[in-house]
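K.L.:
Listed here are the chains, written in short residue letters.
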Amino acid sequence: MKNEQGMSIIVKRITRITVSLIFLFGVYIVLHGHLTPGGGFAGGVIIALSFIHVVLAFGKDFALRRLNEKLASIFESLGAVLFLTVSLLGLFLAGIFFLNVLPKGKPFNLLSSGIILPSNIAIFIKVGAGLFMIFIALAMLRITEGKKGE
Amino acid sequence: MSLYFLCLILLAIGIWCLLVKKNLVKKIIGLGIVEYAINLFFILLGYRFDAQAPIIAKDSNSMIMVDPLPQALILTSIVIGLGTTALMVALAVRIYEKYGTFDISEIRKLRG
Amino acid sequence: MLPLFVVLPLGCAFFIPLFSKIKEEFAKIIGVFCAAGLFILSYIVLFKVRSYPVVYAVGGWKPPFGIALVLDGFSGLLLVVVNLIGFVSIIYSFSYIKRYSNPSLYYTLFSLLLAGLNGVVITGDLFNLFVFLEITSIASYALVAFGTEKEELEAAFKYLVLGNVASIFILLAIALIWARISSLNMADIALSLEIGSYKKLISFALGLFIVGFGLKSALVPFHGWLADAHPAAPAPISAMLSGVVIKTIGVYALARVLFNIIGFNPLISDILMGLGILSMLVGVLLAIGQWDFKRLLAYHSVSQIGYVVFGLGLGNPLGIIGGLFHLFNHSIFKSLLFLNSGAVEYATGTRDLNRMGGLSDNMPVTANTSLIASLSIAGVPPFCGFFSKLLIIIASFQKGAIIGGIICVLVSMITLASFLKVQKYAFRRKEPKMEAKEVAFSMKVAMVILAIICVVAGLGFNHFVNFIIKPAVDVLLAGKNYAISILR
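Chains as they are written, first to last, in this note's numbering: chain Y, 5 to 154; chain H, 47 to 158; chain P, 20 to 507.
Don't take every hint at face value.
What the hints assert, rightly or not - For lysine-lysine, the following DSS-like pairs were computed, each having C-alpha atoms within a straight-line distance of at most 30 Å: (1) Lys42(P) to Lys64(Y); (2) Lys47(P) to Lys463(P); (3) Lys117(P) to Lys144(H); (4) Lys155(H) to Lys440(P).
Said to hold, decoys possible - Restraint-style ranges between C-beta atoms, simulated for each label pair: (5) Glu168(P) to Lys72(H): 17 to 27 Å; (6) Lys72(H) to Gly293(P): 31 to 41 Å; (7) Gly79(P) to Val125(H): 22 to 32 Å; (8) Pro285(P) to Ser151(H): 37 to 47 Å; (9) Val85(Y) to Met111(H): 29 to 39 Å.
Stated by the list, open to error - Below, a sample of chain P positions facing chain H; criterion: calculated Cβ distance under 8 Å: (10) Lys169; (11) Val180; (12) Ile187.
I should point out that these hints are in silico values taken from the structure, not numbers from a laboratory.
No residue lacks a Cβ here, since even glycine has one placed at the ideal position from N, Cα and C.
Construct the complete structure from the given sequences, taking the supplied hints into account.
P.N.:
Structure follows, in structure tokens:
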């Protein structure tokens, strides 16, 4: 098997296992943002790290076949629009911007504390997609050296 | 009290690195050190003696906690620092592409 | 209605990348919709701030626990300035952006810039001010490097490093103030500073604030980045940067902190007057020897901001009226001059004054509007620049700063000489015949709008000052009493 991109086969085997674990850990940190430290930004960074792990181990083309730049850009804008919608919910339902309008359940539950959980999920989508795109943009700048304006 | 001085020493090291080094990437690292120093200073301001992390868990019994407000503010500041550093690195890569060097004594097309 | 000033441009900035994948034209439409909406909103709001400030508690949390958005006379003045110049710049960008390859990126960054500027003006909380200041700065760093030529990247890097250092100093000053007073609301800090005595801490924070905000507003000796960054940006962005950004995140934030939070005392007055005089002199002396059109305009920006800061530093009511009126005037005619230089560069392809000539025959709209703007900045009646400079000079003689007043008159004469040189070399001489035709319609419309406002503000300056400038001056003169009306 010819390996023209990426690292050796041991790294590729281990990456297949650890990437899903890193992804799961990131999702856990996001969903429990109101109970444990972490939240949207930290979870988003971990998700982006799992994608970057795939890029480093398998090479750029393999990762870009799974999640190309157009899809990542759409995810980033969707995350931002979702955050804006969540913050405007307060304005539409009760008249004050950014009010906490979703039901606040019992403490220490997963579905408690109102508006914090959807905000965390919106930020996680945006930060994950955004950091992945930054990495791809910087990596692509080195390789396509003669091309301008990308 | 001595911890605040250590933060300011870190700030001084970062500013020295920003002023003296001639490589663009080293200047970016210097700015990163300055940002770390400021964030650390701000979080240290919220420390209380014999206190815990400000998280209410089911089995915590002590209610003396450190101040959580600077931690929220510094989270914002770290994200802003990330954005600025990403922009600086992208600009440095583009400058290398156009000028062929990272040395600032050669990147002096604009003067006067 | 107050959060709309921030939500509208942010929403447009988030929607533009999504919609421009479907069709390229949507970027322009959403961009114009955002700027026009903000412009209309700022006029509606102007009629509301005549009597008392409007306070909006975000999220329902009352200040001082939550973030408060405050709209008073000073904010109303700057909202009008920011949104007017933003609207005119976006109209100008319709045809100008055809030279660059990525219009959706430009409109996204421009909307983010508008969101940050509006946020800085209407916030009532110190850390919120810092966050919006960073949003504005990052958007402007990216916009300066938009063309990705050699000089633009180098200028953007210089601007980035210096701007980042300034932001870090501002954050350190906010940290020191929070450490002692444990509150971040501007009104709360103003009231607490009156009660306790925090001499050394406040002096250190004051110094850090003056350095940080002074660097953002390009006062001398922090002006090194301006001459490189403003010529390198595309022309509508130069107009926004020089006309709005250095005023909002520089002079507005400095005035808000110095007048309303720390309180105006003779030490601050001396510092501001000294910095103002230094900026006036150094700016205009560096501008005389320039042969690059935009670089000359950038150095004149340094000098005119010196006028504004000198007027604010005088402290008596006439001085503050003169300073704020000059802030408004400068944004109008400096943006007009930068748009003119962009039109000249678009038509002839060069910025070097030695190689231009005979343009007044081929480009009548550009030549005449630039004549109006040049006469205005030099202080020739009946254009608006004359009245604001007159007010500052009269105020300086009233207070007893005779040397400052004489330097103001001297700098005004040297400015007139410099702009006569520009007019002669670029437009009125016949020698090197250049092949140039008039620019596109949208660019002409933008320039004519600004020229009309220049003339109208000059002829009707009495009504103008009473209607728009007076509420702002009342807020600044009230000083710390502003805090009492906020925390009702």
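K.L.:
Run every hint past the structure and note whether it holds.
P.N.:
Evaluated hints:
Simply put, Lys42(P) and Lys64(Y) have alpha-carbon atoms about 29 Å apart, close enough for the 30 Å limit, and the pair holds. Pair hint Lys47(P) plus Lys463(P) holds up; C-alpha atoms about 18 Å apart against a cutoff of 30 Å. For a cut-off of 30 Å, the pair hint linking Lys117(P) to Lys144(H) stands: about 23 Å separates their Cα positions. Taking the CA atoms of Lys155(H) and Lys440(P), the gap is near 26 Å; set against the 30 Å cutoff, the hint holds.
Taken as a hint, the range 17 to 27 Å holds for the pair Glu168(P) and Lys72(H), whose Cβ atoms sit roughly 25 Å apart. The given range of 31 to 41 Å is respected by Lys72(H) and Gly293(P), whose C-beta atoms sit roughly 36 Å from each other. One distance hint, 22 to 32 Å for the beta-carbon pair Gly79(P) and Val125(H), holds here, with the actual separation near 25 Å. For Pro285(P) paired with Ser151(H), a C-beta distance near 44 Å keeps the hint of 37 to 47 Å intact.
Taking the beta carbon of each, Val85(Y) and Met111(H) are about 36 Å apart, inside 29 to 39 Å as hinted. The interface hint given for Lys169(P) holds, since its Cβ lies 5 Å from the closest Cβ of chain H, which is under the 8 Å cut-off. Taking 8 Å as the C-beta cut-off, the interface hint given for Val180(P) holds, the closest approach to chain H being about 7 Å. A hinted interface residue such as Ile187(P) counts as satisfied when its beta carbon comes closer than 8 Å to some beta carbon of chain H; here the least separation is about 6 Å, so the hint holds.
In terms of the numbered hints stated before, the structure departs from none.
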